[in-house]
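Novice: Here is what each chain is made of, one letter per residue.
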Amino acid sequence: MIAWLQSRAGRWTAGGFAFLLVLPAILPELMPANQANFWLGNIFGRAIVFGIIAMSLTFLATYGGFVSLAQMSVAGVAGYVVAITVNGAAPSIVGGLTYVTAIPLGIVAAVLAALFVGVVSVRTRDIYLLMITLALAMGFFRFVETNIAWFNGYEGIRNVLGPTVFGLPFRDPHVIYYVSLLLAATLYGGVLYLVRSPFGLVLQGIRDNPRRIAALGYNVALHRVAAFGVAGFIAGCGGVMMTIYNIGISPGSVGLGATINVLIMSVIGGLGHPIGAFIGSLIFAFFDTFAATIYDRNRFNTLIGIVFLVIVLVSPDGVIGLAKRSYAYLKAKSAPQRWDKPT
Amino acid sequence: MTLQLTLTILLNGLTLAALYFIVASGFSLIFGLMRTVNMAHGSLYMVGAYVGYAVFEPLYDQDVWYAWYVGLVAGMAVAAVLGVAMQKTVLGWMQGQELRQALVTIGISIIVADQLLANFGATSRQFFAPDAIFGASFVPGVGRYPTFRLFQIGVAIAVGIGLWLLLNRTKVGLMIRAGVDDRDILSACGVNVPVVNIVVFALGAALAGLGGVIGATAQPLAQGVDGRFLLISLVVVIVGGMGSITGTAIGAILVGLAEQVGQALFPTYSVILTFVIMVVVLALRPQGIMGRAR
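Protein chains in written order, with the working numbering: chain W, 1 to 343; chain E, 1 to 294.
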């Protein structure tokens, strides 16, 4: 831990986390109070919430080589289970549970859903995995959109206000911000710890050469499915936060657009390190909010599509890769550049 | 359920399968030769349909008989041009980096969908079929049935036979089949593989455009159909097997029938049936029903 904090990556991470911790105190000094709350909730808070979901994809892609597009659906499973079971949601479909029981239930459901995705796609790789997970995600979307009895169809379920934390209502931007930040930091630390554990090393071995790992006596399929389960836990946590953040969930939250948005965040930030998910989601939230000022009020998708396209064309490992290369370039101008490396 | 109703549902499933086959065969063709997962295939469908409509509408207002046919050709041509442009500008030079190609086409599809929304708005549109294939015909056992939907089956059969003849009876088809097996050796034999790629991409994209105009005549065209037809293409080729025309036909029939039968028997759960089929096929044959093991 101490050694890690003394490394460059450790210093940057600790510094970034400390900055985010004191950010709510800095923002009101820079701008009027209502603007500070907007930045805190709608830009940084949202970036952290969606960053958690994007990190579940980054984890799978970076350490397992699985670009799964089902992560938003897995998050949606957690969100829907909370919305269906918790008291006070409108319409009340099952109800009767408090947040203390509904949230763990949602996360368990997300893990089960993720394990299912892992089992279905266990014999596929690369683009086949991408296609199958996308098909599963769209299947989930069309199912919740057409099913009234359990998911209230197109309208979805509203009024999921969230619990009170230490006597404070969840709707306070500071509460949402700090809960998401601590959750994200815990999960982020957990991912970094996990990938150094024997499980994480086997997973990275599977990414590089599944046959050799199988020859060493490891059960490749089991490790793959378990990796999906871990990613499901992360996505489930993010899905619960997303549902509370949005005060409800509807099919639009798990549709093709939302699914692709998670991919965009991960890719813009960079598939290569979990921090990329949060960098990507911050950039995404920024563009989403200021698209009106930059290009045109209604043309956010064109803007973010162009940003995404440019990143994929110029720097397949995203902003992190760009930063790393610029750093290496500045440090030693003769450093070889790896343009040929696919994502 | 009466016999007549059952037959009607089955015929509905087959006509839907015909449309799915037309669209998915283009996707499968491109994938089979180049291993490119064209995530913008749904966008090509939508571009073909919208541009076809923009050409069709003024001609239809002048009441000329060939309005629909001109729209059809325009839709196919525009989709083919867009497909070739994609292959030439970005996809061609990253050949072999399959995941990156998939990401690039996702980026393109986002931009295309947004620009179509900007230019054509969110109102839904629908072609009017020309008089020759408009109205209803008598089908034994079913009764009166929309002629256009029968025409749809005819087009799908024509596309299937045409593709079979192209692949098995022409020199270009010989090159494509050789390319599916081993691109490097084909290239070493003196064949200009990038040109074959462009021909195949134009053909696959034109099929998406053809599907777009046919689909927008049978059912209204609105925002979001790109996602729907991308999904259909994915499921059809996953079920049928990548790069196999016969497999695509089998996949399309299974998915089309599952959708209609599902909607008739258990409306709000019908979507699940399609995915049950996909999951079962993946569990038993990961390469798809007609796919070859790699």
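Note that these hints are calculated values from the structure, not bench results. The beta-carbon is built from N, C-alpha and C at its ideal position, and this holds for glycine as well. There may be inaccurate statements among the hints.
As the list claims (entries may be wrong) - To give a feel for the contact side, a few chain W residues facing chain E, derived at Cβ under 7 angstroms:
id, residue
1, V122
2, R123
3, G139
4, N301
5, T302
Unchecked claim - Here's a subset of chain W near chain E, in silico, CB distances under 8 angstroms, partners left out:
id, residue
6, F17
7, L20
8, L309
9, V314
10, P316
11, I320
12, L322
Claimed, not checked - Distance ranges between label pairs, derived from CB positions:
id, chain 1, residue 1, chain 2, residue 2, range
13, E, G162, W, G95, 30 to 40 angstroms
14, E, G96, W, Y193, 32 to 42 angstroms
15, E, N119, W, P104, 46 to 56 angstroms
16, E, N119, W, L313, 41 to 51 angstroms
17, E, T6, W, E155, 55 to 65 angstroms
18, W, Y329, E, I157, 51 to 61 angstroms
19, E, A132, W, I43, 22 to 32 angstroms
20, W, R11, E, N119, 28 to 38 angstroms
21, E, K171, W, W12, 57 to 67 angstroms
22, W, T293, E, G162, 44 to 54 angstroms
23, W, E155, E, L5, 49 to 59 angstroms
Novice: Taking the Cβ atom of G162(E) and the Cβ atom of G95(W), is their distance within the range 30 to 40 angstroms?
Specialist: violated (57 angstroms)
Novice: Taking 8 angstroms as the limit, does the beta-carbon of I320(W) come near enough to a beta-carbon in chain E?
Specialist: violated (16 angstroms)
Novice: Verify the interface restraint on G139(W): the C-beta must sit less than 7 angstroms from at least one C-beta of chain E.
Specialist: At about 4 angstroms, which falls below the 7 angstroms cut-off, the nearest Cβ of chain E leaves the hint on G139(W) intact, so it holds.
Novice: Could you see if the CB distance from T6(E) to E155(W) stays within 55 to 65 angstroms?
Specialist: Between T6(E) and E155(W), where Cβ atoms are some 34 angstroms apart, the hint is violated.
Novice: Tell me if the interface restraint on L309(W) is satisfied: Cβ within less than 8 angstroms of some Cβ in chain E.
Specialist: holds (4 angstroms)
Novice: Was the hint right that T302(W) lines chain E, CB cutoff 7 angstroms?
Specialist: holds (4 angstroms)
Novice: Double-check V314(W) for me: the hint is only fine if its C-beta lies closer than 8 angstroms to a C-beta in chain E.
Specialist: violated (11 angstroms)
Novice: 28 to 38 angstroms was suggested as the range; check whether the CB atoms of R11(W) and N119(E) agree with it.
Specialist: 50 angstroms Cβ-Cβ, so the 28 to 38 angstroms window is violated.
Novice: Return the status of the interface hint for N301(W): holds when the least beta-carbon distance to chain E is below 7 angstroms, violated otherwise.
Specialist: Hint holds; N301(W) Cβ to chain E Cβ min 4 angstroms, cut 7 angstroms.
Novice: Is it true that E155(W) and L5(E) lie within 49 to 59 angstroms of each other by Cβ?
Specialist: violated (31 angstroms)
Novice: Regarding the hint that V122(W) lies at the interface with chain E, is the smallest CB-CB distance below 7 angstroms?
Specialist: Violated, because the Cβ-Cβ distance from V122(W) to chain E comes to roughly 9 angstroms (cut-off 7 angstroms).
Novice: Can you tell me whether the CB distance of N119(E) to L313(W) sits inside 41 to 51 angstroms?
Specialist: violated (24 angstroms)
Going down the numbered hints, you'll see the structure goes against 1, 6, 7, 9, 11, 12, 13, 16, 17, 19, 20, 23, while the others check out.
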